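Here is what each chain is made of, one letter per residue.
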Amino acid sequence: MNIRKTLSALAMGTLLGLGALHQALAAEPIKIGSFLAVTGPASFLGDPELKTLQMYVDEINGKGGVDGRQIELVHYDTGGSPKKAVNFVKRLIQKDKVDVIVGGSTSGSTLAVMPLVAKARIPFISLAGSVKIVVPPQKWTFKMPHTDAMAAAKIFGDMKKRGITKVALISGSGGFGKSGRAQSLKLAPQYGIEIVADESYGKKDTDMTAQLAKIRDSGAQAILNFGFGTGPAIVTKNVRQLGIDLPLYQSHGVASKKFIELAGDAAEGVRLPAAALLVADQLPDSDPQKPVLLAYKNKFEAKYGPVSTFGGHAYDGLFIALEAIDRANSTDKEKVRDEIEKTKGFIGTGGIYNMSPQDHLGLDLSAFKMLEIRNGDWTIVE
Amino acid sequence: MKRLTGFWAFTLLLVLLPIVFPDNYYVTVVGGTALMNAILAVGLNLLMGYAGQISLGHAAFFGIGAYASAILTTRYGWNPWPAMSAGLALTGVLAFLVARPILRLKGHYLAMATLGLGIIVHIILVQTEGLTGGPDGLSDIPGLAIFGWAVDSDLRWYIVMAVTLLLVLWLALNIIASRSGRALRALHGSEIAAEMMGIDTTATKTGVFVIAALSASLAGSLFAHQQSFISPDSFSFFFSIELVTMVVLGGMASTFGAIFGAVVLTFLPELLVVFEDYEVMIFGAILMLMMIFLPQGLFVSGQQLLRRLLARRATGTAKEGSHGAA
Amino acid sequence: MFDQILQFLLTGVTVGATYALVALGFAIIYNASDVVNFAQGEFVMMGAMSAVALSAGDGGLPLLPSLALAVLITIGVGILLQRFAIAPAHGASVVTTIIITIGASIFLRGVALLLWGKDIFALPHFSGETPLHIGNATLLPQNLWVMGGAALMVIGVHLFFNHTTQGKAILACACNRTAASLVGINVGMMMLVAYGLSAFLGAMAGILVTPITFTSYDAGVMLGLKGFSAAILGGMGNPMGAVAGGLLLGLIESLAAGLISSGYKDAIGFVILLLVLFFRPSGLFGRASAERV
Chain A
1 MNIRKTLSAL
11 AMGTLLGLGA
21 LHQALAAEPI
31 KIGSFLAVTG
41 PASFLGDPEL
51 KTLQMYVDEI
61 NGKGGVDGRQ
71 IELVHYDTGG
81 SPKKAVNFVK
91 RLIQKDKVDV
101 IVGGSTSGST
111 LAVMPLVAKA
121 RIPFISLAGS
131 VKIVVPPQKW
141 TFKMPHTDAM
151 AAAKIFGDMK
161 KRGITKVALI
171 SGSGGFGKSG
181 RAQSLKLAPQ
191 YGIEIVADES
201 YGKKDTDMTA
211 QLAKIRDSGA
221 QAILNFGFGT
231 GPAIVTKNVR
241 QLGIDLPLYQ
251 SHGVASKKFI
261 ELAGDAAEGV
271 RLPAAALLVA
281 DQLPDSDPQK
291 PVLLAYKNKF
301 EAKYGPVSTF
311 GGHAYDGLFI
321 ALEAIDRANS
331 TDKEKVRDEI
341 EKTKGFIGTG
351 GIYNMSPQDH
361 LGLDLSAFKM
371 LEIRNGDWTI
381 VE
Chain B
1 MKRLTGFWAF
11 TLLLVLLPIV
21 FPDNYYVTVV
31 GGTALMNAIL
41 AVGLNLLMGY
51 AGQISLGHAA
61 FFGIGAYASA
71 ILTTRYGWNP
81 WPAMSAGLAL
91 TGVLAFLVAR
101 PILRLKGHYL
111 AMATLGLGII
121 VHIILVQTEG
131 LTGGPDGLSD
141 IPGLAIFGWA
151 VDSDLRWYIV
161 MAVTLLLVLW
171 LALNIIASRS
181 GRALRALHGS
191 EIAAEMMGID
201 TTATKTGVFV
211 IAALSASLAG
221 SLFAHQQSFI
231 SPDSFSFFFS
241 IELVTMVVLG
251 GMASTFGAIF
261 GAVVLTFLPE
271 LLVVFEDYEV
281 MIFGAILMLM
291 MIFLPQGLFV
301 SGQQLLRRLL
311 ARRATGTAKE
321 GSHGAA
Chain C
1 MFDQILQFLL
11 TGVTVGATYA
21 LVALGFAIIY
31 NASDVVNFAQ
41 GEFVMMGAMS
51 AVALSAGDGG
61 LPLLPSLALA
71 VLITIGVGIL
81 LQRFAIAPAH
91 GASVVTTIII
101 TIGASIFLRG
111 VALLLWGKDI
121 FALPHFSGET
131 PLHIGNATLL
141 PQNLWVMGGA
151 ALMVIGVHLF
161 FNHTTQGKAI
171 LACACNRTAA
181 SLVGINVGMM
191 MLVAYGLSAF
201 LGAMAGILVT
211 PITFTSYDAG
221 VMLGLKGFSA
231 AILGGMGNPM
241 GAVAGGLLLG
251 LIESLAAGLI
261 SSGYKDAIGF
271 VILLLVLFFR
281 PSGLFGRASA
291 ERV
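Chains A, B and C, in that order, are what the protein sequence lines are.
All residue numbers for the first sequence refer to UniProt numbering, where the first residue is 1 and numbers rise by one.
All residue numbers for the second sequence refer to UniProt numbering, where the first residue is 1 and numbers rise by one.
All residue numbers for the third sequence refer to UniProt numbering, where the first residue is 1 and numbers rise by one.
In short, the hints are calculated from the structure, not lab data.
Since the structure is predicted, the reported quantities are computational estimates derived from the model, not experimental observations.
Errors might be hidden in some of the hints.
[Claimed, not checked] Computed footprint of chain A on chain B; a stretch qualifies when at least three of its residues, placed anywhere within it, have a C-beta under 8 Å from a C-beta of chain A:
hint : stretch
1    : 21–35
2    : 111–119
3    : 220–229
Just so it is clear, CB atoms sit at the ideal spot from N, CA and C, and this is done for glycine as well.
So that you can see chain A by itself, here it is in the shape it has in the complex:
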């Protein structure tokens, strides 16, 4: 295959001169590698991420690609296992010889492949949440989603405004919940907030009333839950069942319509920080993000159903990578990496990205909106 391409390139080169040779070489496709948790417990992340990548790669190719080069997406399903992620990333690098990697749905698999990525010197845009991925910044790794630390900060900021000083924390025992819990415990004092209860639940637990009965008697003024999957919906229902009348905050881990559907009436009044994507149509027309958000939302929903912010991260990652390749005018890994780091004012679904050598995320707290669930829908409360 490669030989044939090279031969035809050479033939064309001799016939048409150097310009044509350049053209033929440039027609080599851009290879984007991806490893996502498409199945397994984190599939609610990996599934929309993969759909988004495939949808946009097809669209871009239909329009003639980037710089006249088609895009080839190579992806593997890790099932959420960091062990599998390591081998698949090696496969992407050694066998598929991809130019850039966009993927890693969970923090565990992202952290597991970071040493590899650094050694292979290949730009990697992660779609996972943990703050550990970008603090301290590592040369080759970037990330799209807001960190759990930012979510905690946004929530505590909102609590402070409401005069809440005593908070009960409950979190899932998975990576997302644990990491969110750690960041919350760390940040609470800065906002003058005391954590008066610190409970947790297992990934597949079916009833949290025992933990919440303790929280009820802890003297807390609000409850904060860090988790994803069924856990937060059950917590929300259990809180109402126990008749606990405290404000309930969830994390960005539940930022999808599914959560409202599962928790039903109990979700009324729940607050959470989330990217603006969920409330795209409620944004003022002056908001620079609005057209991007609506375009993505409409496109995704026309094909697959309700958007979640998770698929949006894949959109951001893909386009930041492609724009960097476009600016670098090549797929030279070092140049592409440098260009990703120079990303300024990129309007994505997660916010407006401004990267720097010190900041491989490029978002600030303004990228998060504080939402409240009212009448079964999201409402902006700032």
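Place chains B and C on chain A using the hints.
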């Protein structure tokens, strides 16, 4: 020397593979992983295949080895080698302590107890964040160096894993051929009968349990240094079940069967990725079908089949010969 | 404090009732065929997911018929499992059958993934969501459905095994297959009945708990694990022991979460299970088994 023919043939294969296929992803990367899994499977096979004791918690010892190495090197600045030895010592003591009460149990109760043990260890790894880093794991685990020879490429890790596997394999083959090995096989047949023959079954079972745990711990330490990042997900009960599957799939009580099972189960997901959403279903179906139709395991059933074919050909040629004579 | 303890107990009994139903399914199959069926949790998932699928959307069936149909589908899955996966492997070792049922559970998960996707689903509560108060402790009407349904089925199973010819025949197969077939029992048929019954219990458990716990294609894994633990805790050979084990495990977890540490509650459950096994190697209510020489 006949009983070691397989060993030498296998050694030759391990040496030839990376020479014939240099820089091949399937040899150095997936192959390296398969070799590591094989170390675990050979140890577990001693326990399951020869001592007849099931263990659904083997990933725990793998995890203890990995975390001992990771914690001692990253948090306390130890050199990898003493850290690895400390991991082995810790695993040995733990395995010895739990072996006696656990191995008194039989069948499904033993399965449950070992499963429970594995889950408890996993929960501790997740919950003691101060030490283990919790679910986000531990990063920046240093690599290995052997007398200045840095193990820093997939090929070099392949070599380290291959040498370790050969050592464990050599040990296992010798144990099986030894007096205690014969005792082990007696155990699998009937514990009471073995005791009647004057074999200390408890001591033998305990010994094997500890050896199996130690080989898992060793593999764990190597895994930690190879990956340079570990998290509890790699040591969950799913992995324990995967290990048992390797042993059974290859063929219980066959050391090479265990290795074969490890290789098959490591490569299968790599090959099945092309099926995407169908992967889970196909994997389950393959597992079921293989065990239904080849309950002796792939390797053992394959051996039998081969033997039968050879025998048939032998009789076939004999018959032809007699025809010719007539 | 008293209110809290009461809440812990109520929670424990609800969760325990689910474990009990799954454990009972384990025990029935184990007693009939000496197989530990690691796909038991998948029966729960199959029941719940097919009920969701049948009742979903505008073209969906009303709740009751879809529940009934879901139970029938799951029973069919149980019978197929016995017929095509367990029966052909007759005489295989304990470990081999374990791997077969693990393979079956992965396969069923894979099928559910393809049919219904990876989303999380819920079923409506049977009789509203207005909590009932006992002092300061609360429970949902659905909790009563779970407990009541579990109690009814446990009694039913008990009567079946002790007072019907069919039930006794299944137990006879478990004791000695050859002898059972010699006295004219259709062993193959009895096995199908046992697996069908187990699948029925699993599906019922799934349908009863899904309004509270939600379900997804991989919801069976954890339930299977907990059900197996409960069955062992109570003693595999004794179906009523398995039920007691389920309730006990639910209570232990809930009390551990409330009084000691919610992070370690599962670990505490397993530590207690191990301790029980160390002192009673056949579970709390199991008969000590004599090894055959």
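Item checked: Within 8 Å of chain A (C-beta), three or more residues of the stretch 220–229 of chain B -> Contact hint for the stretch 220–229 of chain B vs chain A: holds, 3 residues under 8 Å.
Notebook entry, point to check: Are there at least three residues in the stretch 111–119 of chain B whose beta carbon sits under 8 Å from a beta carbon of chain A?
Noted result: Violated: only 0 residues of the stretch 111–119 of chain B have a Cβ under 8 Å from chain A.
Item checked: Given coverage of the stretch 21–35 of chain B by chain A, tested with a Cβ cutoff of 8 Å and a minimum of 3 residues -> Our answer is that it holds, as 5 residues pass the Cβ test (under 8 Å) against chain A, meeting three.
When held up to the earlier numbered hints, the structure conflicts with hint 2 and nothing else.
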